[in-house]
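Number of protein chains: 2
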Amino acid sequence: MSSTNFKIDNLQYCNWSKEIFQINREAQLDAIHVTIAYHEDFDEVKNNVKVWNKHFQDYKDLIFHGKTFKDIEKAHKEKKTAIFFGFQNCSPIEDDIGLVGEVHKMGVRFMQLTYNNQSLLATGCYEENDSGVTRMGKEVIKEMNRVGVIVDMSHSAEKSTLDAIKISSKPIAITHANPSFWFAAKRNKSNEVLKALADSGGMLGLSLYPHHLKDT
Amino acid sequence: MSSTNFKIDNLQYCNWSKEIFQINREAQLDAIHVTIAYHEDFDEVKNNVKVWNKHFQDYKDLIFHGKTFKDIEKAHKEKKTAIFFGFQNCSPIEDDIGLVGEVHKMGVRFMQLTYNNQSLLATGCYEENDSGVTRMGKEVIKEMNRVGVIVDMSHSAEKSTLDAIKISSKPIAITHANPSFWFAAKRNKSNEVLKALADSGGMLGLSLYPHHLKDT
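Protein chains in written order, with our numbering: chain A, -13 to 202; chain B, -13 to 202.
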């Protein structure tokens, strides 16, 4: 890549519309990681993808479906915004590791192993106890590494996040959370996690969600 | 209840047929807890129930669908076998607590919170770490208590099982496992669990599965 600076929104969800895509272009956003599933199962996600495919047709002068880093360079050059799909939960793969490859084919590039609660793969940050990445979680991380879906631990608990960093052969992402030393919300991240994340080449996107910010 | 002794198979699965129902009657079995789901989701379980409804029609001189303890007395009196439905996993309720009431309506009376792996509700006995009953698990146990589905912890890990005994307002079941002091398989149960189970009025059914038995 050249030394160009790219403007990327590391996680966003909203009531998407032409006006919003225009505002994003006025802000010269090159890429957005868009949440297309919170608690949806596989079939429900397929419907969400259909809605996005319609957006890509209707607003092709403003946005397109991003799938690799080259699409960020392309977006910058063409003055469009590349839309990257992500899940805030592993519910779309249900209990079937075979669906990891299927969601990748649908163009999904990020998947959180948990939302706030325990999932089949790992523990969410609102659980009382954190048993770390589960037996199925280990296998799913390997499969995500293999097909090219990035592990996102934004909502996961401490040990689960440290486990995922260790188990994943590729850098992981924490797309939306802040350092705990700055504000100690359950969703924010300890120094130990941030250090392990940085040492492994992972990335942190900051969060503007009110509960993750200081009151003052 | 009278002082009659009932013969109950606390857990069974097999390739069910008229011949098997006849063998069960020859053995004077009053009731069987039958596994109708291992990893099935809600719709798949509905199909398994249809197969059983056909059995109940075809072999009504041998079996019927049992739903309460009175059906065991009825079976004994009528020389039939009452078939009680159970799940060896919580997969049929997917991630929807509303499905607990639905599976009860389908006539299901037992549900394991886990098979061998971590579930959304608790930890299975083959996981490395056991975080106990999860946030969703606590709510699901309350709902099972409310509608009348018995919590079965046969395949669950130690802390999860102790948690379930504490959280459940009704006695729980361990339908198929042996004491660890006799043979220390992962699926067998510690003295602490057996003590807590007995103190809370729960029941233990022994297991004849080869891995749960001594080699000699």
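Rather than coming from a laboratory, the hints here were simulated on the basis of the structure. These numbers were taken from a predicted model, which means no experiment stands behind them. Incorrect hints may appear among the rest.
[Said to hold, decoys possible] Below are the DSS-like pairs computed for lysine-lysine, each with C-alpha atoms no more than 27 Å apart in a straight line:
#: 1; chain 1: A; residue 1: LYS124; chain 2: A; residue 2: LYS145
#: 2; chain 1: B; residue 1: LYS124; chain 2: A; residue 2: LYS145
#: 3; chain 1: A; residue 1: LYS(-7); chain 2: A; residue 2: LYS200
#: 4; chain 1: B; residue 1: LYS172; chain 2: B; residue 2: LYS53
#: 5; chain 1: B; residue 1: LYS65; chain 2: B; residue 2: LYS4
#: 6; chain 1: A; residue 1: LYS172; chain 2: B; residue 2: LYS172
#: 7; chain 1: A; residue 1: LYS124; chain 2: B; residue 2: LYS4
#: 8; chain 1: A; residue 1: LYS172; chain 2: B; residue 2: LYS145
#: 9; chain 1: A; residue 1: LYS145; chain 2: B; residue 2: LYS172
[What the hints assert, rightly or not] To give an idea of the interface, some chain B residues facing chain A are shown, with a C-beta separation under 7 Å as derived from the structure:
#: 10; residue: GLN(-2)
#: 11; residue: HIS90
#: 12; residue: ASN103
#: 13; residue: GLN104
#: 14; residue: GLY118
#: 15; residue: THR120
#: 16; residue: ARG121
#: 17; residue: MET122
#: 18; residue: GLU125
Note that the Cβ used here is the ideal one computed from N, Cα and C, for glycine as well.
Verification of the supplied hints:
Between LYS124 of chain A and LYS145 of chain A the alpha-carbon distance is near 14 Å, which keeps this suggested pair within the 27 Å criterion. At roughly 22 Å between alpha-carbon atoms, LYS124 of chain B and LYS145 of chain A fall within 27 Å of each other, so this suggested pair holds. The straight-line distance between the Cα atoms of LYS(-7) of chain A and LYS200 of chain A is roughly 25 Å, inside the 27 Å bound, and the hint therefore holds. With a C-alpha separation of about 31 Å, the suggested pairing of LYS172 of chain B with LYS53 of chain B is violated against the 27 Å cut-off.
For the proposed pair LYS65 of chain B and LYS4 of chain B, the alpha carbon gap of about 15 Å is at most 27 Å, so the pair holds. Restraint check for LYS172 of chain A and LYS172 of chain B: the C-alpha separation of about 34 Å exceeds 27 Å, so the hint is violated. Taking the CA atoms of LYS124 of chain A and LYS4 of chain B, the gap is about 43 Å. The hint is violated against a cut of 27 Å. With a CA separation close to 24 Å, the supplied pair LYS172 of chain A and LYS145 of chain B stays within the 27 Å bound.
The straight-line distance between the Cα atoms of LYS145 of chain A and LYS172 of chain B is roughly 24 Å, inside the 27 Å bound, and the hint therefore holds. Because the smallest distance between the Cβ of GLN(-2) of chain B and any Cβ of chain A comes to about 24 Å, over 7 Å, the interface hint for this residue is violated. Taking 7 Å as the C-beta contact cut-off toward chain A, the hint placing HIS90 of chain B at the interface is violated, the least distance being around 22 Å. Checking ASN103 of chain B against chain A: minimum C-beta separation of about 5 Å stays under 7 Å; hint holds.
The restraint placing GLN104 of chain B at the interface with chain A holds, with a minimum CB-CB distance near 4 Å, inside the 7 Å limit. For GLY118 of chain B, the shortest C-beta to C-beta distance to chain A is roughly 6 Å, which falls under 7 Å, so the interface hint holds. At about 4 Å, the closest approach between the beta carbon of THR120 of chain B and any beta carbon in chain A falls short of 7 Å, and the interface hint on this residue holds. Because the closest C-beta pair between ARG121 of chain B and chain A is about 5 Å apart, less than 7 Å, the hint holds.
The beta carbon of MET122 of chain B comes within 6 Å of a beta carbon in chain A, closer than 7 Å, and the hint placing it at the interface holds. Because the closest C-beta pair between GLU125 of chain B and chain A is about 10 Å apart, greater than 7 Å, the hint is violated.
Against the hints set out earlier in the document, violations occur for numbers 4, 6, 7, 10, 11 and 18.
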